[in-house]
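For chain X, the structure is supplied; the task is to place chains F and R with the ligands on it using the hints.
Protein sequences appear in the order of chains X, F and R. Numbering of the first sequence is given in the working numbering, commencing with residue 2 and proceeding in unit increments. Numbering of the second sequence is given in the working numbering, commencing with residue 419 and proceeding in unit increments. Numbering of the third sequence is given in the working numbering, commencing with residue 11 and proceeding in unit increments.
Errors might be hidden in some of the hints.
Stated by the list, open to error - Using 35 Å as the maximum straight-line C-alpha spacing, the simulated DSBU-like pairs for lysine-lysine come out as follows: (1) X/Lys128 with F/Lys456; (2) X/Lys145 with F/Lys453; (3) F/Lys431 with F/Lys456; (4) R/Lys191 with X/Lys66; (5) R/Lys332 with F/Lys485; (6) R/Lys134 with F/Lys493; (7) F/Lys514 with R/Lys34; (8) R/Lys191 with F/Lys456; (9) R/Lys34 with X/Lys145.
Read the hints as simulated data drawn from the structure, not as lab findings.
One-letter residues, chain by chain:
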Amino acid sequence: MNNDAIKDLLYRMADDALIIGHRNSEWTGIGPMLEEDLAFSSMSQDKIGHAQALYNILYTSFGEKNPDMLAFQRAEKDFRSCQLVELPIGEYDFSLVRHFLFDHAEALRYGLLEASSFAPLAGLARKVRGEIRYHVMHADTFFKQLSTGNEVAKARMQSALNYALPYALGIFEPSAYEEALIADGVFAGEARLQELWLEKITPIVAAAGLQMPAIDAAKAIYGGRKGYHSEYLQPLLAEMTEVTSIDPAAEW
Amino acid sequence: MSLDPRINRLDLKRVNDGEQTASHLITWEVFHQDKRGKQPVHAGIVHASTPEQALMFAKEQYARRGKTANLWVVKTADVYTFNSEDEAIFETTPEKTFRDPAFYKVRERIEAFQSKNKL
Amino acid sequence: MYGNTSLTAEEAKIVNAAVEDPAKLEEFEARISRGEKIEPGDWMPEQYRKQLIRMIEQHAHSEIVGALPEGTWITRAPNFRRKLALIAKVQDEVGHGQLLYSAAETLGKTREQMLMDLLSGKSKYSNVFNYPANTWADIAVIGFLVDGAAIVNQVINSKGSYGPYCRALERICYEESFHLKQGHDNFVYLATGTKVQREMLQEALNRWYRPLLHFFGPSDRDSQHSEKLMKWKVKLASNDDMRNQFLDQYVPKILELGLTLPDPELRRGDDGIWVFGDPDWDEFKRVINGDGPCNAERLEVRRYAELAHRWVREALMNPKEKYVTPMA
Ligand SMILES: [Fe+2]
Ligand SMILES: [Fe+2]
Numbered sequence: 002m003n004n005d006a007i008k009d010l011l012y013r014m015a016d017d018a019l020i021i022g023h024r025n026s027e028w029t030g031i032g033p034m035l036e037e038d039l040a041f042s043s044m045s046q047d048k049i050g051h052a053q054a055l056y057n058i059l060y061t062s063f064g065e066k067n068p069d070m071l072a073f074q075r076a077e078k079d080f081r082s083c084q085l086v087e088l089p090i091g092e093y094d095f096s097l098v099r100h101f102l103f104d105h106a107e108a109l110r111y112g113l114l115e116a117s118s119f120a121p122l123a124g125l126a127r128k129v130r131g132e133i134r135y136h137v138m139h140a141d142t143f144f145k146q147l148s149t150g151n152e153v154a155k156a157r158m159q160s161a162l163n164y165a166l167p168y169a170l171g172i173f174e175p176s177a178y179e180e181a182l183i184a185d186g187v188f189a190g191e192a193r194l195q196e197l198w199l200e201k202i203t204p205i206v207a208a209a210g211l212q213m214p215a216i217d218a219a220k221a222i223y224g225g226r227k228g229y230h231s232e233y234l235q236p237l238l239a240e241m242t243e244v245t246s247i248d249p250a251a252e253w
Numbered sequence: 419m420s421l422d423p424r425i426n427r428l429d430l431k432r433v434n435d436g437e438q439t440a441s442h443l444i445t446w447e448v449f450h451q452d453k454r455g456k457q458p459v460h461a462g463i464v465h466a467s468t469p470e471q472a473l474m475f476a477k478e479q480y481a482r483r484g485k486t487a488n489l490w491v492v493k494t495a496d497v498y499t500f501n502s503e504d505e506a507i508f509e510t511t512p513e514k515t516f517r518d519p520a521f522y523k524v525r526e527r528i529e530a531f532q533s534k535n536k537l
Numbered sequence: 011m012y013g014n015t016s017l018t019a020e021e022a023k024i025v026n027a028a029v030e031d032p033a034k035l036e037e038f039e040a041r042i043s044r045g046e047k048i049e050p051g052d053w054m055p056e057q058y059r060k061q062l063i064r065m066i067e068q069h070a071h072s073e074i075v076g077a078l079p080e081g082t083w084i085t086r087a088p089n090f091r092r093k094l095a096l097i098a099k100v101q102d103e104v105g106h107g108q109l110l111y112s113a114a115e116t117l118g119k120t121r122e123q124m125l126m127d128l129l130s131g132k133s134k135y136s137n138v139f140n141y142p143a144n145t146w147a148d149i150a151v152i153g154f155l156v157d158g159a160a161i162v163n164q165v166i167n168s169k170g171s172y173g174p175y176c177r178a179l180e181r182i183c184y185e186e187s188f189h190l191k192q193g194h195d196n197f198v199y200l201a202t203g204t205k206v207q208r209e210m211l212q213e214a215l216n217r218w219y220r221p222l223l224h225f226f227g228p229s230d231r232d233s234q235h236s237e238k239l240m241k242w243k244v245k246l247a248s249n250d251d252m253r254n255q256f257l258d259q260y261v262p263k264i265l266e267l268g269l270t271l272p273d274p275e276l277r278r279g280d281d282g283i284w285v286f287g288d289p290d291w292d293e294f295k296r297v298i299n300g301d302g303p304c305n306a307e308r309l310e311v312r313r314y315a316e317l318a319h320r321w322v323r324e325a326l327m328n329p330k331e332k333y334v335t336p337m338a
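This is chain X alone, in the form it adopts within the complex (with noise of 0.2 Å):
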């Protein structure tokens, strides 16, 4: 198998997870009913969760540095996030809708890794399936009923979701690696990863009344999945390594 291709997929795997988990936890408190804060805010954990675990799996079968390094100790350049996860909350439609189309690919690309070659990955996979489960049920439940609710919710959702479907796109970029995922058995790849996607998804967004915005590949949004990120990233980052910065050297 190709180390550096599992690699590539794991960093990519755990850095989305690790930012949008920090951005959805910033829901905490702040959400539109205290029940959506408190979904939020478990869904955040969960997706930290995730990353922690597959930070550990680069720790334990690569030997990259251990999960706090790699999350809270690393460079903007090394992360190979997509950009759709690194924008802020903004109001609470983006967030939706962000959460809509990045949970749909996240459980779609679980399922295809329950039957991957890299076995710790497949194990995580099937560990994970019932909290990506509820993250995907309670996503569907709450586009369908602001996209359906009144005249002002339903135009608030679709140029949410015109707004962030580039984004979205960005987190299929091809990588150099798909051929030998592909050929070791380890994940289908990307450009399959997206087709299930826009399956999946499509259906849903009509039957919520929404118009699809047109899929052209020429307007996705790549580059994070290289290393070039989008302007929030930085300021994130450095909140995330303020605490340990005033004493590298203590244990927090």
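Relative to the frame of chain X, chains F and R with the ligands by itself:
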């Protein structure tokens, strides 16, 4: 400028004022079943607009720790109770022993019968 | 001032003077003195209902406003362990707010009305949350000592007479024990860590000492009592008793780490009563009346949470469904 970087990222001025009426939606009574085979037990309420959403919320408020087999939700408006002034109807006179298993004691009778008939 | 009623002289007079149907009142009081709980559908004196709503509502506000100072450090928590614990802890506080608003709702006040009263300043929340969490060490002090103080209050209140409030508190106290443990863990790591960490912690401790003394409200000498509220098991312990219990439980846990408290007069008397220096009750009053370091921001953020997302709730609302008062 807040000490909280999250708060600094919010557009706090984007607030639409006005009266709000019951905008926190209706309430649902939540029943929690911790294990298959056990009775679902009332756990509390959530505010939500539909049963699906009530279940989503109940899962995080009432099942985020420990074990859960299932949750039930029912609209508060669909639950009926006795008036508490009628609590007295639950008081049963003590003579209702015929409904108690302990009331039925035939051992003595059997023994008397046995000794009488030398069994 | 948490789930803790402190009355003005005027209010105490009203509570004490209220007249009720004597037969019903007698039955109600007999039930309480038998140790039975009052349930939402029961007859209850008007003042009982009013004071309970006020107390539970303030307690609920304290939970959701209390999520804000700690929320300050969510994105900055330094590693996986601390980050996950802090998010889960702040989440629980929001959950406590939800449970407590639910308990207050059973008494007939809607959640939006309570939230509106919070935003307008009509209804208060605990003063302690009007102070800033300046550093990561403040998170350790809050998690360990503010939660410690809250637990003293909540355990006592869970022995009260109103069923739904007691039920909510039972669940809350269980979760609080996790808060306390994770707070203590964080506190001990800083106290036993490097020089920089210890200094951070000591400074934070110095900042929080007074707000912690204020936590249980003014001294019994300066606050109004209502025999009725005691008899009805709405108020179960005096401010000074609770404060003393807190000092008794937590001061030794601070001192055992070689930390100090910024009060040369602080000591435990032979009678078990703690003596402390003047904690500046004028400051307490100033903060309660809106002039604390963070009052304006806390309300501004809550107003944002409540009003900027009203479109979400409006879109979810089904106009055919009518809100009815929940029962438990
Ligand atoms: Fe709490
Ligand atoms: Fe707490």
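Do the hints match the structure? See the list:
At most 35 Å may separate the alpha-carbon atoms for a hinted pair to count; lysine 128 of chain X and lysine 456 of chain F meet this at roughly 26 Å. For a cut-off of 35 Å, the pair hint linking lysine 145 of chain X to lysine 453 of chain F stands: about 31 Å separates their Cα positions. For the suggested pair lysine 431 of chain F and lysine 456 of chain F, the alpha carbons sit about 50 Å apart, so the restraint of at most 35 Å is broken. The straight-line distance between the Cα atoms of lysine 191 of chain R and lysine 66 of chain X is roughly 29 Å, inside the 35 Å bound, and the hint therefore holds.
A threshold of 35 Å between alpha carbons decides the hint, and for lysine 332 of chain R with lysine 485 of chain F the separation of about 33 Å falls inside it, so the pair holds. A C-alpha spacing of about 31 Å is found between lysine 134 of chain R and lysine 493 of chain F, which places the hinted pair at or below 35 Å, so the restraint holds. Under the criterion of a C-alpha separation no larger than 35 Å, the hint pairing lysine 514 of chain F with lysine 34 of chain R is consistent with the structure, at around 30 Å. Distance restraint check for lysine 191 of chain R and lysine 456 of chain F: the Cα-Cα separation of roughly 31 Å lies within the 35 Å cut-off, and the hinted pair is therefore satisfied.
For a cut-off of 35 Å, the pair hint linking lysine 34 of chain R to lysine 145 of chain X is broken: about 51 Å separates their Cα positions.
Going down the numbered hints, you'll see the structure goes against 3 and 9, while the others check out.
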